[in-house]
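Asker: Listed below are the residues making up each chain.
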Amino acid sequence: MTTTVHPKTSPEVGGIGHAVRRKEDDRFIQGAGRYLDDIVLPGMLHMAIVRSPIAHGRIRSIDTSAAEQTEGVVAVITGQMLAEHNLAWMPTLSGDTQAVLATDKVRYQGQEVAAVVATDPYIARDAASLVFVDYEELPAITSPQQALEPGAPVIRDDKEGKTDNVAYIWEAGDKEATDAAFAKADVVVTLDTHYPRSHPSPLETCGALADVNPATGEATIYLTSQAPHAHRTLFALVAGLPEENIRIVSPDIGGGFGNKVPIYPGYVVATVASLLLGKPVKWVETRTENLISTGFARDYHMHGELALTSDGRILAMRASILSDQGAFYADAQPSRFRAGLFHICTGSYDFGAAHVTAKGAYTNKAPGGVAYRCSFRVTEASYLIERLVDNAAWKLGMDPAEFRMKNFIRPEQFPYRSPTGFVYDSGDYHTALREAMKLVDYEGWRRKQAEGHPEGKLYGVGIASFTEVVGAGNSKEYDIAGIKMFDSAELRIHPTGKAILKLGVRTQGQGHETTFAQIVAEELGIPYTDVKVQEGDTDNTPYGLGTYASRSTPVGGAATAVVARRIREKAKKIAAHLLEASEDDLEWEPGRFFVRGTDKGVTIQEVAFAAYTNPPEGLEAGLEDVCYYDPPNMTYPFGSYIVVVEVDPGDGTWKVVDMAAVDDCGVRINPMIVEGQIMGGLTEGFAKANMQWITFDEQGNCIGSNFLDYLVPTAWETPRFKLGATVTPSPHHPLGAKGVGESATVGSPAAYVNAVLDALRRAGHPVENIDMPVLPHRVWGAIQGVAVKP
Amino acid sequence: MQITVTVNGTTYTSDVEPRRLLVDYIRNDLGLTGTHIGCDTTSCGACTLIMDGKPVKSCTILAVQADGSEIRTVEGLKRDGQLHPIQKAFKEHHGLQCGFCTPGMMMVGSALIEQNPRPSEEEVRWAISGNICRCTGYQNIVAAIQAAGRELAERG
Ligand code: FES
Ligand code: FES
Chain W
590 MTTTVHPKTS PEVGGIGHAV RRKEDDRFIQ GAGRYLDDIV LPGMLHMAIV
640 RSPIAHGRIR SIDTSAAEQT EGVVAVITGQ MLAEHNLAWM PTLSGDTQAV
690 LATDKVRYQG QEVAAVVATD PYIARDAASL VFVDYEELPA ITSPQQALEP
740 GAPVIRDDKE GKTDNVAYIW EAGDKEATDA AFAKADVVVT LDTHYPRSHP
790 SPLETCGALA DVNPATGEAT IYLTSQAPHA HRTLFALVAG LPEENIRIVS
840 PDIGGGFGNK VPIYPGYVVA TVASLLLGKP VKWVETRTEN LISTGFARDY
890 HMHGELALTS DGRILAMRAS ILSDQGAFYA DAQPSRFRAG LFHICTGSYD
940 FGAAHVTAKG AYTNKAPGGV AYRCSFRVTE ASYLIERLVD NAAWKLGMDP
990 AEFRMKNFIR PEQFPYRSPT GFVYDSGDYH TALREAMKLV DYEGWRRKQA
1040 EGHPEGKLYG VGIASFTEVV GAGNSKEYDI AGIKMFDSAE LRIHPTGKAI
1090 LKLGVRTQGQ GHETTFAQIV AEELGIPYTD VKVQEGDTDN TPYGLGTYAS
1140 RSTPVGGAAT AVVARRIREK AKKIAAHLLE ASEDDLEWEP GRFFVRGTDK
1190 GVTIQEVAFA AYTNPPEGLE AGLEDVCYYD PPNMTYPFGS YIVVVEVDPG
1240 DGTWKVVDMA AVDDCGVRIN PMIVEGQIMG GLTEGFAKAN MQWITFDEQG
1290 NCIGSNFLDY LVPTAWETPR FKLGATVTPS PHHPLGAKGV GESATVGSPA
1340 AYVNAVLDAL RRAGHPVENI DMPVLPHRVW GAIQGVAVKP
Chain X
124 MQITVTVNGT TYTSDVEPRR LLVDYIRNDL GLTGTHIGCD TTSCGACTLI
174 MDGKPVKSCT ILAVQADGSE IRTVEGLKRD GQLHPIQKAF KEHHGLQCGF
224 CTPGMMMVGS ALIEQNPRPS EEEVRWAISG NICRCTGYQN IVAAIQAAGR
274 ELAERG
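First to last, the protein sequences are chains W and X. Converting from the first sequence to my numbering requires adding 589 to each position, the first position being numbered 1. Converting from the second sequence to my numbering requires adding 123 to each position, the first position being numbered 1.
So that you can see chain X by itself, here it is in the shape it has in the complex (with noise of 0.2 Å):
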């Protein structure tokens, strides 16, 4: 089936079978192989990215639903050859280690402070409550994301 979809500003129109995961056409059709997998039950979020402003897991996701839809993956965070705040934040304050969980973490905080920037403690946990991460222990992702929203609202 034919798909058009736009990608972090770019509009792609592809040839995909009706079964294809979105995680998938992203990954290989596109390359774009920041998005990550790490389950088969929509558990860990490694695969968030933004779809018409929500996250959304893409492994559970097939590339035909995104059809017409406006797509941001964590290679489109940057904008203008500036990192986002969340970005910058994740490594000011150790929200990361081995890094796989990261581009979905950053991706659920992004959404998150755009809409609350000043979330408290609680309102981050449990924003990212679908998302795993097996090397941080949480609380420095959590710090992150607080300090993203921070400087997101001081720039108003």
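Just chain W, same shape as in the assembly (with noise of 0.2 Å):
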């Protein structure tokens, strides 16, 4: 562990290390980005959605004449149109099926029902109003609990044999050992914490734009997606279509946090509609869409249990999960087992056993459950593990940071085989909580807190000390719909020395046109600004499995860096014959071979053009190679979070008055950027903690559709954030790297939470749990030691 990294290149090269400004900004800067819904088309049309009104509901008929007559209505597409093509139903990205179009039933408010294409987007709305459908409406089922009621109608009647809702049924670890241990336990603690349904929202909607060529039947589809190449390759499953005519453009991102991964259905109808019609059809939701219909995140029932010894040491851990997932599967997920929640489970501790089972139902709800900024589960998992963690601390009259101390895994331990069997890859907890309580100055604030508030408010101290997981695959043990989870980086050096790095993943706004183009820097010595980073576009990019789950560095960043050293290997041929010397007497610097002993060099620019110019007898003119890069390991980013919260027990509002974070994500690339990441996590933290979430009433209405009832913080909410850095490399990155865009979402909620839970216990009030968001009316609740309405 360092804290510290040199760069080994000059600012001007910007390798790693460097906090170069980055190169996409210009054209955002200047309202030249490119979004979906700025691409236009020569005729084009525009298309949208009929939705459900009602959870749960057999379909008697649909009436579409009026919209039909409507001026300017193009088409009016059903469910029955689609079934008539086998496009109904479409895969999910969990080996689940889903409607395109309800035929039979809805399943919950806000499902797709028809879609309506016209010449212009004000008359497609008015028109998609003007469809009648005639529902029987069903009763909705809006929890997992009342999900798995015996005799609760079953949402999945498309499945043949169904009878009951659940969804999956997964386990790991060891459950006799952790049976042996819990027998010996001197205290166990339990926790029982709903972490609630909330939604990733990027601030830009989806959408497509589906341009199928009547004449060829090549279909070019810009879309929203945050996955490019495997929505081509599903979409060549679903749709049937040829996989080489089918173009994905994914254009710049307004902001993914998962909710890009998955295909929606009015991708699939814009296509359809497009190829029935032979013109270019723009489909783009609204807020509400969005925020209704497409994929939410968490919605996990937690059960968790630790075994302990009265001095303060955990033997072992229980936990039990009980998730929501909507009415179809369609959570982005390896299909092996649940990665992310049971590989971290454990979270940062040392002991032996742990047995761990995940149940998901049906329900009346919008599907999805993707990771919001999160490593498939591992933010519930992180989450249940950090708030027991405290509750022990408490429980035995610890304080949570000598707990932690206590129970951390020791850095000579790693790599570390964790009880559910995964292994971390590096790791050094003890200084990462250290520097955050200087940080934060741990020891000031426990005194302010037994000095007491001045106004008679109560202070809480809050910790969380997260270990996630990202950067999927190996190939082996890791795929999405099959598709194994490598990534890619092409690199080619054009004759005057300057490069495109074509990638598989697509960045939504972490800065990879900079990011990448440092580590070639890095490798070769060319200057970031002379690196064009191009990705998106599945004509002119190596496959590659897309950006979600942090895991574009730990894998798309290999492959890059894995890359340019292969083409290192050949430059350094074509600089031997350039100077005339033996390969075995050449020396690298960044940008430059020489003759070891002498002044005697080539730069990497004269290699490149020599390797168009003036080749060696017997190599391959050019300089380009593509690597295909299959991780041996994921990464295990850490961190420590310290928060200071002001309760006012008057009427049980909260306000973070400090906060330090220490994140360990390795070697940083740009700092700069991986801080914007950190901070951009620590506020999603802080939504999740303090006001973001979706609720559905008992008719499965969806409460939080639009940015007036889903409370998504301004800047006046906020927090400000002190960030620290320690660094330990992984040791089977090839730059020491590992992902960053998730560890502040995954590690922060727990933090805050303790931290009002620390106030109210030390002011007196035996407080167990508060569900997230840790609303007023709960905190007040919880001091005065009454029930509230949720």
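In case anyone wonders, no lab produced these hints; they're calculated from the structure. Because the structure is a prediction, the values reported are computed rather than measured. Even glycine gets a Cβ: it sits at the ideal position worked out from N, Cα and C. Be a bit skeptical, because a hint or two may be false.
Per label pair, the in silico range of CB-to-CB distance [as the list claims (entries may be wrong)]:
(1) X:L206 with W:E1044: 43 to 49 Å
(2) X:Q238 with W:W1305: 14 to 20 Å
(3) W:V629 with X:R142: 20 to 26 Å
(4) X:E245 with W:K1037: 19 to 25 Å
(5) X:L206 with W:K1121: 19 to 25 Å
(6) X:R142 with W:N675: 35 to 41 Å
(7) X:Q188 with W:G632: 49 to 55 Å
(8) W:G806 with X:D138: 37 to 43 Å
Please assemble the complex out of the two chains, which come individually in their own frames, going by the hints.
Answerer: Spelled out as structure tokens, the structure:
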């Protein structure tokens, strides 16, 4: 572990460790980004979707005549029409099926029932409201507990032989060993908590612009897609289009956070409409459509237990999870196990045994369960262990920092095999926590807390020392819908020494155009400003699984380093030829080969020119290569966050008065971009702890269907953050880097909640738990010891 | 209905439906797609532009209401080939990630610093509290607006 890494390259070259400014910013600050809705094609038509107003019901009939007669309407598409082409259903990313347009039943409010295509978006919306659907309403199931009650109506009666609402059952760990450890425990702490439904709600909603050429059958589909290559393959499989005729273009993306990983019905219908009408068809969601129908996150009901010794050691953990999956199981998940959840449910702690079960239930709610700045289900897992550990320290009368220090996996134990069988690559948890305590002045805040708040408010200090897992594959164990989780980079060095790097991943704001250019700069000494990074167009980039679950740097970044090194090997041969020296006598310094012990050398630019103008005999011309990188393991970033809150016991409101976040994501390629990712994540963590959730009433009406009801924090509510870093390189990543995009969203929620609970407990209120969001009335109720409505 | 508006110094006369939103007019009729749409409840500020000197949410105003007014959008921030201080500051302070909120943030920020070039952190946070960013956590946006204000003040 170190706290700083000194760059090897000059600031002009801008390799690893330089906080160079982002190349992509120039177009965004001038309003010249090109997002999906900015694209206009000649003759383009517009599509609007007709959605179910009810959560559960049988479709009796659909009357499209009024819509069809509206001037400007070109077509009205129903599920029946899709069924004729065998397109009424599509596969989800987790091996289930999902209705494209409902034919039999609607299963959640907002489900897609029909689509109207018109010459103008206003007309399309007008006409969508003229499609009359007659429903026979059925009782709505709005919780997984309700779904699993005996005799509950079967939501997925489309699945042959389905007699219950179970979506899946998974298990990990060793039940016997865990039971044995619990039998020996001095103390057992338990926690029941609901991680509420949330929505990534990127500022740009989802959309598609499908352009099928009627003459050639070639389909260019512009999509708000975090995974364009995987989407191309799925389009080929779903629509039966030949894959070489499909080109997915993912333009600039206005934030994704997991929301733009699944394939949505609107994408498919727009493509079918373009195919049928021979014209480009654009569909862009409204915010309400985005919130009520596209991939939500979380909605996990968790029960956890820790077995403890009276002197403060963890012996074992037990957990059972009940997940609300909505009407279709569309969680983007590797098929072999509950990745994320099982990987790190034991957190940063060393103990002998764990046993976890996870059950998913169908409900009459929107499908999804996507990662929201989260590697599959790590966010929920991290929250559970960090809340449990906090309750354990409290029950044992120990300081929560001391309790963590005592139970952390020690640095010399890495690589560390967890009780659920996964191997953590590297870590130094003690140092990260110590750094965070220094940064926030932990002792100082504890003193202030003991002295009492000058205005009678309550200070609380909360910690979360999370471990994350990011960067799927390896491809033996990880796949999405059967496609292996590798990723790719293709690098071409032009004769003038400039370069183009093409990647299988897709940025949505993470700064790939800069970060990945910096990796090339590091490896080849070509200034990052001379390296163009291209992503998102499947015709022009190598195949990859895309950007989500913080996998771009661990996998795409590794691919970039490896391909650059391969090119350096070839460059060396050319350099030897130019210098008339033996390869063995050549040394490399960033940007230049030289003959050892002399000042005779050639720059990489000179080599590049020679690769096209004067290649050595017997060597192929050109200087380019491609790498498909299959990581040997995931990477395990970690960190410690400490939050100080001030709770007003009079009304239960709370605010963050100090926060320190120390992250260790291995080697930081661009520290500025890394810190930007962390601050964004800390804000999302705060959002979920403080205000942001989606609920449903008993009829299954979505409460939280717009930004007035679904509260996302503005600058006014968002806390200020102090950031710190430690650097523990990943031993298996070519650059020692780990992913970072989601660490803060994963790690921080527990810190906020632990802080509020600490405030109450230290003021003499023995509160076991308050579920997120920690709303004022819940805090007030906990202080008063009275039950309040959720 | 016929309207006449001046956008970024160019005067346009157009026929628009009375119900047409100003943001659709700007984006689709004038092709100025730097102004974005992020919600349907006047909550996000992605559509913010400057109308007659004041930041307004163009999704909540009809094009016909803009008749006779002077509008500046993100495309009009750059003057004489020079980036506006706010544009430079957003890049310098990493005040953007996906860039979708950025035009709206910069329009509000530029309006603020033109009136008050040295706003406090609180004043900046309040001024942009009608704008949502889902990526950055705001800290760098605040820093960028303050830095741009300083540059503006120093220029005099
Ligand atoms: S689009 Fe205007 S406020 Fe959101
Ligand atoms: S930069 Fe993405 S919404 Fe602000």
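Asker: Given a hint of 14 to 20 Å, does the C-beta separation of X:Q238 and W:W1305 actually sit inside it?
Answerer: At 19 Å between Cβs, range holds.
Asker: Look at the Cβ atoms of X:L206 and W:K1121 and judge whether their distance stays inside 19 to 25 Å.
Answerer: holds (22 Å)
Asker: For the range 19 to 25 Å, tell me whether the beta carbons of X:E245 and W:K1037 fit it or not.
Answerer: holds (23 Å)
Asker: W:G806 and X:D138, beta-carbon distance inside 37 to 43 Å?
Answerer: Taking Cβ atoms as reference, W:G806 and X:D138 lie about 39 Å apart, which means the hint holds.
Asker: Take a look at whether the Cβ-Cβ distance between X:L206 and W:E1044 falls inside 43 to 49 Å.
Answerer: holds (46 Å)
Asker: Can you let me know if the beta-carbon spacing of W:V629 and X:R142 is within 20 to 26 Å?
Answerer: holds (21 Å)
Asker: Take the C-beta atom of X:Q188 and the C-beta atom of W:G632, compute their distance, and say whether it sits inside 49 to 55 Å.
Answerer: violated (31 Å)
Asker: 35 to 41 Å was suggested as the range; check whether the CB atoms of X:R142 and W:N675 agree with it.
Answerer: Hint holds: Cβ distance 40 Å, inside 35 to 41 Å.
Hint 7 from the list above is the single one not met by this structure.
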